[in-house]
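**Q** Residue numbers (my numbering), protein chains in the order written: chain A, 51 to 283; chain B, 983 to 1229.
Please note that the accuracy of each hint is not assured.
Facing chain A, a subset of chain B residues (Cβ under 7 Å, in silico) [claimed, not checked]:
1. S1137
2. M1140
3. I1225
4. T1226
Derived pair list, reagent style SDA-like, types lysine to any residue, alpha-carbon separation capped at 20 Å [stated by the list, open to error]:
5. K199(A) / S1141(B)
6. K99(A) / P1130(B)
7. K154(A) / K1065(B)
8. K1126(B) / K147(A)
9. K147(A) / K1143(B)
10. K1223(B) / D118(A)
11. K1143(B) / I153(A)
12. K147(A) / D1144(B)
13. K1126(B) / I153(A)
14. K1065(B) / S95(A)
15. K155(A) / K1143(B)
16. K1223(B) / D121(A)
17. K1223(B) / L106(A)
No lab work stands behind these hints, which were simulated from the structure alone. C-beta: ideal position from N, C-alpha, C; glycine also.
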Amino acid sequence: MSKPVFKFENVYLEKNGKTILEDINLEIFPNEFFVILGENGSGKSSLLKLFNRLELNTKGRIYFNGEDIEDIPIHKLRDKVIMIMQGATLFEGKVKKVLETYIKKLNLNKTPEDILDIMGLNYSNLEKNTENLSGGEGQLIAISLAIAKNPDIFLLDEITSALSITMGALVRNKMKELQKQGKTIICITHNMENAVEVGERGIFLKDGKIIKRGSVKELIECFGKDEEKCIKR
Amino acid sequence: MYQKVVYSAILLIIAIGISYYNKLKAEKDLIIGGIRAAVQLVLIGYVLHYIFALDKLWAQILLLFIMSIIASHTAKGRAKEVKNAGFLAFLGIISGTFVSIGVLLAVGFITPEPKYLIPLGGMVIGNTMTASALALDRFHSELKTNLPKILFALSLGMSTKDASIFYIRKSIRAAMTPIINTLKIVGLIQLPGAMTGMLVAGASPMKAAMFQLAIMYMIAAAVSTGSSVALLLARKDLFYKDITVNI
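Using the sequences and the hints, build the whole thing.
**A** What follows is the structure in structure tokens.
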């Protein structure tokens, strides 16, 4: 088996005296479609944020390609590992101007039209304000920006939750295509059909702890069950 | 003079009477506020009397320094959610005062005398305090409201400076709005305090107007400098190194 791209060793996250994540041990391998499942408030988003240091672990070690992520310059890490969140994540303003800002600040050798082409969005969106985009359109532009940066690893936090069935399928297919190109995908989803369709392996989180590891089908069984019953199954 | 001031308390009694008649329940606050104002002004009157008589630059700077500390403590209360708000506001106030009063001294508009440094310094400190507190509070709430946008920008690899500059600008603009609005209408609706004071003291209207103009420019410079300094330092606190948001 190839070496893990990410390795978590006894990782803890504590905030304001509260333990959010406890003793997380985890390995993610190249080109995987890894799913993180769990009830609301179980620490899924916090865990995902640890991968590109939007959250900072308070104990334990996280290794990216064998190197401690604390030793990797942040811009280098985020060139390779990008997180896309749910909801309105684009700056306010006219889409064209906003995209020009991202392109300039991120040194992307692209035009706003190139960005829209990635997910097949209509150019008429360029004249809209980001606040007037539908949830789906805004989400697709955010996904396009992330893809334009060409990272090795995508961290997806419920990105299909605001999308219509058609748009959701579009994103799923794009992610599968990216995986075929050799990218690694780590995702949180509440859409179980989605999880079963795209996910291969994953973990189930409860109260900040991993209570089960396995195939997505096995993990889904954990919903609504307490830790003991879930482990027995 | 003192007797006439006591008579002016009739005006406060009118305000208390209106509050009572309209059931505003502001009588207690008016009484406490009125007494506090009297005590504070009498005390500052005595302190200024001493400092004017002493006529030493160090004493004037010391007084402005103490006023800045009190102002930053007040700013801390207005921007409660911002960590170190008092210290950040203090640095904003000091820099705003230094730049604005410094320029007026450098161009020779004022000389380092108590009659200039104390009242003008007080105006600058008061205005910069309000602006710094407003800017800090606004920036914190902008960061909270727009957290997903900032996190996404950081996630894409933007620096904390680039990810937050839009909100820094918005917050400084908010802090400057009162002085910008005042600049637009000054003299049209009411005569500002310094000009009124000079006219009451017998200065020529044109001299009072010119002095007031310089004061308005001084406040504009102090407010923009002070709020910018406070915010740029707050950004260092509100972001962990160049990595993530710390709120």
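**Q** Taking the hints in turn, state whether each one holds.
**A** To see whether the hints hold, each was checked on the structure:
no., hint, result
1, S1137, "4 Å, holds"
2, M1140, "5 Å, holds"
3, I1225, "5 Å, holds"
4, T1226, "5 Å, holds"
5, K199(A) / S1141(B), "15 Å, holds"
6, K99(A) / P1130(B), "12 Å, holds"
7, K154(A) / K1065(B), "32 Å, violated"
8, K1126(B) / K147(A), "24 Å, violated"
9, K147(A) / K1143(B), "18 Å, holds"
10, K1223(B) / D118(A), "18 Å, holds"
11, K1143(B) / I153(A), "16 Å, holds"
12, K147(A) / D1144(B), "15 Å, holds"
13, K1126(B) / I153(A), "25 Å, violated"
14, K1065(B) / S95(A), "25 Å, violated"
15, K155(A) / K1143(B), "11 Å, holds"
16, K1223(B) / D121(A), "14 Å, holds"
17, K1223(B) / L106(A), "12 Å, holds"
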